[in-house]
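Protein chains in written order, with full-length UniProt numbering: chain A, 1 to 268; chain B, 1 to 268; chain C, 1 to 268; chain D, 1 to 268.
Don't read these hints as lab results, they were simulated from the structure. Treat the hints with caution; some may be incorrect.
Which copy is meant is left open, because identical chains are indistinguishable; a pair holds if it fits in one copy or across any two.
Unchecked claim - Pairs of lysine-lysine residues, derived as DSBU-like cross-links and limited to a Cα-Cα distance of at most 30 Å, are as follows:
1) Lys206 to Lys43
2) Lys116 to Lys139
3) Lys116 to Lys206
4) Lys206 to Lys139
5) Lys267 to Lys116
6) Lys65 to Lys43
7) Lys267 to Lys206
8) Lys117 to Lys267
In this text, all values refer to a predicted model and were calculated from it rather than measured experimentally.
4 protein chains.
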Amino acid sequence: MQSAPMKQLTPLSDTQSQRDERRIPIDRVGVRALRYPMQIRDKAREVQHTIATSTLTVDLPHHFKGTHMSRFVEVLNEFGPELHVDNIHTILRELTQRLHSVSAHVDFEFPYFLTKKAPVTGSPGMMDYTARFSATLEKDVIDFVVTVIVPVTTLCPCSKAISVHGAHNQRGQVTFSVRFSEPIWIEDLIRLVEESASSELYSLLKRPDEKAVTERAYENPVFVEDLVRNIALRSNAVPEITWYRVEAENFESIHNHNAYALIEHRKE
Amino acid sequence: MQSAPMKQLTPLSDTQSQRDERRIPIDRVGVRALRYPMQIRDKAREVQHTIATSTLTVDLPHHFKGTHMSRFVEVLNEFGPELHVDNIHTILRELTQRLHSVSAHVDFEFPYFLTKKAPVTGSPGMMDYTARFSATLEKDVIDFVVTVIVPVTTLCPCSKAISVHGAHNQRGQVTFSVRFSEPIWIEDLIRLVEESASSELYSLLKRPDEKAVTERAYENPVFVEDLVRNIALRSNAVPEITWYRVEAENFESIHNHNAYALIEHRKE
Amino acid sequence: MQSAPMKQLTPLSDTQSQRDERRIPIDRVGVRALRYPMQIRDKAREVQHTIATSTLTVDLPHHFKGTHMSRFVEVLNEFGPELHVDNIHTILRELTQRLHSVSAHVDFEFPYFLTKKAPVTGSPGMMDYTARFSATLEKDVIDFVVTVIVPVTTLCPCSKAISVHGAHNQRGQVTFSVRFSEPIWIEDLIRLVEESASSELYSLLKRPDEKAVTERAYENPVFVEDLVRNIALRSNAVPEITWYRVEAENFESIHNHNAYALIEHRKE
Amino acid sequence: MQSAPMKQLTPLSDTQSQRDERRIPIDRVGVRALRYPMQIRDKAREVQHTIATSTLTVDLPHHFKGTHMSRFVEVLNEFGPELHVDNIHTILRELTQRLHSVSAHVDFEFPYFLTKKAPVTGSPGMMDYTARFSATLEKDVIDFVVTVIVPVTTLCPCSKAISVHGAHNQRGQVTFSVRFSEPIWIEDLIRLVEESASSELYSLLKRPDEKAVTERAYENPVFVEDLVRNIALRSNAVPEITWYRVEAENFESIHNHNAYALIEHRKE
Numbered sequence: 001m002q003s004a005p006m007k008q009l010t011p012l013s014d015t016q017s018q019r020d021e022r023r024i025p026i027d028r029v030g031v032r033a034l035r036y037p038m039q040i041r042d043k044a045r046e047v048q049h050t051i052a053t054s055t056l057t058v059d060l061p062h063h064f065k066g067t068h069m070s071r072f073v074e075v076l077n078e079f080g081p082e083l084h085v086d087n088i089h090t091i092l093r094e095l096t097q098r099l100h101s102v103s104a105h106v107d108f109e110f111p112y113f114l115t116k117k118a119p120v121t122g123s124p125g126m127m128d129y130t131a132r133f134s135a136t137l138e139k140d141v142i143d144f145v146v147t148v149i150v151p152v153t154t155l156c157p158c159s160k161a162i163s164v165h166g167a168h169n170q171r172g173q174v175t176f177s178v179r180f181s182e183p184i185w186i187e188d189l190i191r192l193v194e195e196s197a198s199s200e201l202y203s204l205l206k207r208p209d210e211k212a213v214t215e216r217a218y219e220n221p222v223f224v225e226d227l228v229r230n231i232a233l234r235s236n237a238v239p240e241i242t243w244y245r246v247e248a249e250n251f252e253s254i255h256n257h258n259a260y261a262l263i264e265h266r267k268e
Numbered sequence: 001m002q003s004a005p006m007k008q009l010t011p012l013s014d015t016q017s018q019r020d021e022r023r024i025p026i027d028r029v030g031v032r033a034l035r036y037p038m039q040i041r042d043k044a045r046e047v048q049h050t051i052a053t054s055t056l057t058v059d060l061p062h063h064f065k066g067t068h069m070s071r072f073v074e075v076l077n078e079f080g081p082e083l084h085v086d087n088i089h090t091i092l093r094e095l096t097q098r099l100h101s102v103s104a105h106v107d108f109e110f111p112y113f114l115t116k117k118a119p120v121t122g123s124p125g126m127m128d129y130t131a132r133f134s135a136t137l138e139k140d141v142i143d144f145v146v147t148v149i150v151p152v153t154t155l156c157p158c159s160k161a162i163s164v165h166g167a168h169n170q171r172g173q174v175t176f177s178v179r180f181s182e183p184i185w186i187e188d189l190i191r192l193v194e195e196s197a198s199s200e201l202y203s204l205l206k207r208p209d210e211k212a213v214t215e216r217a218y219e220n221p222v223f224v225e226d227l228v229r230n231i232a233l234r235s236n237a238v239p240e241i242t243w244y245r246v247e248a249e250n251f252e253s254i255h256n257h258n259a260y261a262l263i264e265h266r267k268e
Numbered sequence: 001m002q003s004a005p006m007k008q009l010t011p012l013s014d015t016q017s018q019r020d021e022r023r024i025p026i027d028r029v030g031v032r033a034l035r036y037p038m039q040i041r042d043k044a045r046e047v048q049h050t051i052a053t054s055t056l057t058v059d060l061p062h063h064f065k066g067t068h069m070s071r072f073v074e075v076l077n078e079f080g081p082e083l084h085v086d087n088i089h090t091i092l093r094e095l096t097q098r099l100h101s102v103s104a105h106v107d108f109e110f111p112y113f114l115t116k117k118a119p120v121t122g123s124p125g126m127m128d129y130t131a132r133f134s135a136t137l138e139k140d141v142i143d144f145v146v147t148v149i150v151p152v153t154t155l156c157p158c159s160k161a162i163s164v165h166g167a168h169n170q171r172g173q174v175t176f177s178v179r180f181s182e183p184i185w186i187e188d189l190i191r192l193v194e195e196s197a198s199s200e201l202y203s204l205l206k207r208p209d210e211k212a213v214t215e216r217a218y219e220n221p222v223f224v225e226d227l228v229r230n231i232a233l234r235s236n237a238v239p240e241i242t243w244y245r246v247e248a249e250n251f252e253s254i255h256n257h258n259a260y261a262l263i264e265h266r267k268e
Numbered sequence: 001m002q003s004a005p006m007k008q009l010t011p012l013s014d015t016q017s018q019r020d021e022r023r024i025p026i027d028r029v030g031v032r033a034l035r036y037p038m039q040i041r042d043k044a045r046e047v048q049h050t051i052a053t054s055t056l057t058v059d060l061p062h063h064f065k066g067t068h069m070s071r072f073v074e075v076l077n078e079f080g081p082e083l084h085v086d087n088i089h090t091i092l093r094e095l096t097q098r099l100h101s102v103s104a105h106v107d108f109e110f111p112y113f114l115t116k117k118a119p120v121t122g123s124p125g126m127m128d129y130t131a132r133f134s135a136t137l138e139k140d141v142i143d144f145v146v147t148v149i150v151p152v153t154t155l156c157p158c159s160k161a162i163s164v165h166g167a168h169n170q171r172g173q174v175t176f177s178v179r180f181s182e183p184i185w186i187e188d189l190i191r192l193v194e195e196s197a198s199s200e201l202y203s204l205l206k207r208p209d210e211k212a213v214t215e216r217a218y219e220n221p222v223f224v225e226d227l228v229r230n231i232a233l234r235s236n237a238v239p240e241i242t243w244y245r246v247e248a249e250n251f252e253s254i255h256n257h258n259a260y261a262l263i264e265h266r267k268e
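Kindly generate the complete structure, drawing on both the sequences and the hints.
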């Protein structure tokens with residue numbers, strides 16, 4: 001019968017801090033798919049509680065074997081059982097200090113709710129969106145990108161033009177990212193996208209509202225191309241936006257594949 | 001410095017076959033999320049190559065500690081690098097014999113394609129669906145369920161009735177499962193679903209086709225309730241179908257949530 | 001040039017309330033994939049804010065053409081911008097009354113967090129789980145099912161027994177549902193599952209903790225079969241639990257498919 | 001009672017070809033999430049049948065209102081009901097010609113199978129991977145990126161060093177993309193990744209194989225950092241590879257979040 005070889009333990013040795021000889025630096029290393037409760041102050045000046053799915057990384061110089069994964073979680077925990085998004089800058093600085101790195105990157109994606117009134121009856125409903133904060137600190141410079149993922153109605157201009165009645169329409173989804181010179185409210189980015197579509201969506205619509213929304217969409221047909229161009233035009237007119245990337249994807253009601261368009265633009 | 005304790009190996013002992021004393025039988029045990037190439041003969045009498053995601057399980061009597069997971073994969077492999085769905089019955093029998101079980105269950109879900117012609121121009125396109133074969137062998141009786149997942153267009157009757165022009169419509173998805181007394185073609189189940197919707201979907205539509213599809217949907221409005229009832233009615237009229245379960249989910253173009261309906265029925 | 005036919009509008013007519021002649025009742029109809037902010041009181045007597053993904057349905061008698069989808073959302077809204085789970089019974093009653101149905105069904109699935117201390121250093125961390133409340137009201141009787149989805153470590157007994165050193169282990173996921181005679185805390189269900197595995201998981205582990213967790217898993221090997229049986233045994237010993245269903249799925253570290261086991265049991 | 005206004009139809013007019021005055025060119029526009037049967041020749045010189053999920057786009061100059069979505073699908077269809085990957089260059093050229101664009105981009109992601117023998121018993125099994133071909137044609141230059149997504153075993157060096165016995169290990173996933181000066185086999189990219197991990201995965205392992213795989217992983221511990229560095233080192237040694245990007249994600253068996261690392265490198 002075989003028996004296991006004696007093992008020389010190196011208990012609690014810091015394997016990660018050992019010297020690495022491969023001479024290959026790592027661009028990003030850290031933790032991913034970490035869920036964490038988060039608070040965010042919305043434009044109505046109320047605190048909104050949500051849950052972020054996060055990625056936290058740093059760079060790793062070529063001479064270290066590994067990073068210390070537990071420190072990423074420790075840094076989050078220091079801000080308490082519910083993280084506030086205002087702390088993102090501090091988190092980035094803490095990560096570079098605690099992990100002796102040149103750069104740090106964080107990414108928090110979370111559901112975001114707005115109370116929205118139905119267009120005719122004014123019935124209030126909670127409308128859900130997704131938002132994402134991506135921030136990178138490198139040599140004391142912070143690069144911050146805010147993204148909103150906004151569902152909308154799109155109604156096909158071609159289908160409307162050629163059909164005796166009706167026009168195919170569908171739920172579409174816009175992923176809109178911006179860099180900015182002055183802080184911008186998530187609400188304002190959502191609004192900019194919703195005004196660029198055939199209609200915005202609601203969680204609660206009574207019959208007079210449904211009539212209004214149906215007719216509004218029919219009167220404002222947009223291709224997926226129109227949708228991204230409308231958003232680009234509006235973004236060009238907002239001086240605080242210095243860069244944007246807009247993707248639109250329509251879950252076509254007449255096909256089992258999607259229509260897609262993308263514009264990315266950095267202002268001079 | 002600590003060192004590891006000597007280990008008494010029991011090399012290659014059959015841990016799974018040890019006696020278990022907890023006196024708890026297991027309903028199903030096996031492998032899941034196993035991808036495997038598969039062949040299926042379609043109604044046009046051609047062989048279609050696809051890829052199944054499969055679950056294979058057996059029951060485990062209370063006195064065995066574990067099942068032998070590798071045998072599930074061995075049984076599949078015996079049918080070669082590409083499995084043919086006609087072998088499902090044999091696979092079930094092999095599983096009960098090789099794993100000394102009373103029952104066996106398999107589940108194969110796979111993409112399925114039909115060549116479909118556009119309604120006016122006749123342009124052909126490959127339309128994709130999802131199908132699933134679920135089969136259970138227990139005491140020599142096989143229970144076989146076929147499921148098709150079919151995307152369709154639904155146009156809202158209420159929105160049409162109250163609006164000056166247009167009507168909201170969207171992609172919907174029907175999950176339709178049947179038990180049967182005589183084999184039924186996947187194609188016939190798909191057809192039954194598509195005829196119950198406002199319109200079927202196509203992968204390729206030229207402008208005259210788009211006009212026809214838009215107008216057809218407008219002339220055939222269905223609620224999610226109508227959709228499941230239409231399918232139930234048609235199923236009632238097919239004598240080979242002995243049981244059915246139909247779920248429909250509409251990805252509403254005016255909401256960010258879905259409309260949903262379900263009917264399950266066993267014929268006497 | 002064609003022009004659209006005159007349309008006779010039936011503005012704001014209640015299409016849903018029209019008589020249906022197909023004589024087919026619908027088992028469940030309503031809304032699905034609706035996200036809503038939710039509060040839950042946890043065992044530490046604090047309010048936890050989370051976000052539920054919900055399904056709300058009622059039955060529909062054969063003589064009605066459709067249900068009124070907006071009322072599902074109205075019922076939720078009446079409980080304010082943040083729903084409290086204690087209101088589930090009231091929501092069910094409201095749904096049957098407002099929608100004139102015999103039965104109603106709701107389903108809320110949400111992330112759930114526990115502060116957990118690392119086993120040696122005691123460092124606190126936020127550990128995330130998923131919980132689900134499914135409740136059906138039919139003829140004044142409520143059927144309530146609580147589900148917890150708990151990630152765990154499983155270490156293979158066979159691999160340990162036959163190998164000179166080491167043993168393959170992996171993250172597994174347990175989906176554990178119960179019916180009960182007295183209310184049970186989510187925390188207690190999670191604990192019951194975690195004690196049945198090779199080790200529980202943590203969000204934060206320092207080196208002494210990692211050593212303890214690694215050794216604990218090695219000393220407590222469990223097959224997926226052992227895991228579901230351990231949970232069944234413990235459930236049998238909890239008198240408040242009247243029914244349970246436990247599924248375990250191991251994301252095997254040596255295969256690209258999963259090991260799976262299921263036990264369902266109703267106590268006499 | 002209201003009635004619908006007369007509608008001036010512009011039947012079959014080409015809305016997409018209308019002049020657009022917003023002066024905003026679109027970077028990419030086309031179809032997404034389109035499933036299509038595909039053939040690929042593998043290194044064993046056999047044809048493998050699979051199913052691709054594809055994206056096809058072109059750029060759109062500022063003066064056109066829309067692209068012609070149906071032409072994307074027509075181009076695919078011309079290659080028959082089963083596409084061969086060797087036709088990707090031709091597809092790109094066809095897209096730019098048929099859609100009058102300067103550039104075209106395609107993306108095909110598909111399951112890919114290899115017959116792999118267990119390390120001791122030699123038992124054959126079908127091991128599944130995912131591969132992706134992304135290609136862009138711009139001004140007659142083609143930029144081609146091949147990606148393989150490879151599941152592996154990783155065993156933690158720190159956990160091994162500090163524990164009396166055992167070491168936590170788990171399934172990890174590597175996403176490895178390359179540009180190249182000479183064509184490279186998918187098989188060779190998969191091999192390069194598998195040799196860089198603690199162990200490769202198998203679909204079928206008998207007991208002697210499981211012993212060998214467990215011991216091999218224990219003898220070859222790798223952090224997620226080691227994994228990406230090993231792949232980078234090997235890629236540096238393959239002259240045909242001119243650029244690479246490697247991401248590794250470990251589904252940690254002791255945490256409910258993942259460890260992650262990334263290296264991207266362009267050779268001079």
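Structure-based check of all given hints:
no.: 1; hint: Lys206 to Lys43; result: within (27 Å within a copy, 39 Å between copies)
no.: 2; hint: Lys116 to Lys139; result: neither (42 Å within a copy, 35 Å between copies)
no.: 3; hint: Lys116 to Lys206; result: within (13 Å within a copy, 39 Å between copies)
no.: 4; hint: Lys206 to Lys139; result: between (54 Å within a copy, 29 Å between copies)
no.: 5; hint: Lys267 to Lys116; result: neither (32 Å within a copy, 46 Å between copies)
no.: 6; hint: Lys65 to Lys43; result: neither (45 Å within a copy, 36 Å between copies)
no.: 7; hint: Lys267 to Lys206; result: neither (42 Å within a copy, 38 Å between copies)
no.: 8; hint: Lys117 to Lys267; result: neither (35 Å within a copy, 46 Å between copies)
Violated hints, in rising order: 2, 5, 6, 7 and 8; the structure is consistent with all others.
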